[in-house]
Amino acid sequence: GQQLNQNPQSMFIQEGEDVSMNCTSSSIFNTWLWYKQDPGEGPVLLIALYKAGELTSNGRLTAQFGITRKDSFLNISASIPSDVGIYFCAGPLGSGNTGKLIFGQGTTLQVKP
Amino acid sequence: NAGVMQNPRHLVRRRGQEARLRCSPMKGHSHVYWYRQLPEEGLKFMVYLQKENIIDESGMPKERFSAEFPKEGPSILRIQQVVRGDSAAYFCASHREDRDYEQYFGPGTRLTVT
Chain G
4 GQQLNQNPQS
14 MFIQEGEDVS
24 MNCTSSSIFN
34 TWLWYKQDPG
44 EGPVLLIALY
54 KAGELTSNGR
64 LTAQFGITRK
74 DSFLNISASI
84 PSDVGIYFCA
94 GPLGSGNTGK
104 LIFGQGTTLQ
114 VKP
Chain H
43 NAGVMQNPRH
53 LVRRRGQEAR
63 LRCSPMKGHS
73 HVYWYRQLPE
83 EGLKFMVYLQ
93 KENIIDESGM
103 PKERFSAEFP
113 KEGPSILRIQ
123 QVVRGDSAAY
133 FCASHREDRD
143 YEQYFGPGTR
153 LTVT
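One line per chain: the protein sequences are G and H, in this order.
Yeah, the first sequence ends on 116 if you go by this note's numbering, and it's all consecutive.
Yeah, the second sequence ends on 156 if you go by this note's numbering, and it's all consecutive.
Hints in this document: simulated from the structure, not taken from any laboratory.
Keep in mind it's a predicted model, so treat the numbers as computed, not measured.
Mixed in with the good hints there might be a few duds.
Unchecked claim - With a straight-line cut-off of 30 angstroms between C-alpha atoms, the simulated DSS-like cross-links for lysine-lysine are:
no.	chain 1	residue 1	chain 2	residue 2
1	H	Lys86	H	Lys113
2	H	Lys93	H	Lys69
3	G	Lys73	H	Lys86
4	H	Lys113	H	Lys69
5	H	Lys104	H	Lys86
6	H	Lys86	G	Lys54
7	G	Lys73	G	Lys54
8	H	Lys93	H	Lys104
9	H	Lys69	G	Lys54
Sequences are here, hints too, so could you generate the full structure?
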């Protein structure tokens, strides 16, 4: 079945450092999404990508839709304590364009002030 | 504009009881998705509904689980005769008509089965 693998599983960095994480799919995607989840809350959409090679920014966050359409990358520049949380990549589950999503297992980010 | 609302936020049930989870999508959204999240894992799709219709329930267990989204009122995820393995966070999400994958999530219901 479909799988999304995120790397790394967790990161512990110093405030001010840049962060890079990636997500690899077992199948080709036409849409990639990145979400952040704070403890006890639901995921919040950060960035949506629709085209291979696309690079999209949202403040200090930048995400890229890989050329192979089987991977995506998220970078956070100049990290701050409120960046702490779990970052999930997601993409379309199955065929049929129904909107249902498959999620990676998440990358847990901890930031040391 | 209120976001996706879910209640209750926390629910404790004994084995064998029923759990009812409610979700009100964002105003103007008519598509609702339910996902389940086990500890230390990503979210797993369960069911997709539009008003009065179940569109895709391929991720929902065949027994004990049911979902509805009536013409009036919130979407309901119902779990009958709960077991310990049902303990999880249940999230619902909704989206605009032309943005199927840009889903907005509620805060979730954390179900604990004792």
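Hint check:
With a C-alpha separation of about 26 angstroms, the suggested pairing of Lys86(H) with Lys113(H) holds against the 30 angstroms cut-off. Distance hint between Lys93(H) and Lys69(H) is fulfilled; the C-alpha atoms sit about 13 angstroms from each other, no more than 30 angstroms. With a C-alpha separation of about 20 angstroms, the suggested pair Lys73(G) and Lys86(H) falls inside the 30 angstroms cut-off, and the hint holds. Between the alpha carbons of Lys113(H) and Lys69(H) the distance comes to roughly 14 angstroms, so the proposed pair stays at or under 30 angstroms and holds.
For the hint linking Lys104(H) to Lys86(H), the alpha-carbon distance of about 15 angstroms falls within 30 angstroms, and the restraint holds. The suggested pairing of Lys86(H) with Lys54(G) holds, with an alpha-carbon distance near 25 angstroms, which does not exceed 30 angstroms. Distance restraint check for Lys73(G) and Lys54(G): the Cα-Cα separation of roughly 12 angstroms lies within the 30 angstroms cut-off, and the hinted pair is therefore satisfied. Of the supplied pair hints, the one linking Lys93(H) and Lys104(H) holds, its CA atoms being roughly 21 angstroms apart against a limit of 30 angstroms.
Using a Cα cut-off of 30 angstroms, the hinted pair Lys69(H) and Lys54(G) holds, with the two alpha carbons roughly 29 angstroms apart.
When the structure is compared with the earlier hints, no violation turns up for any of them.
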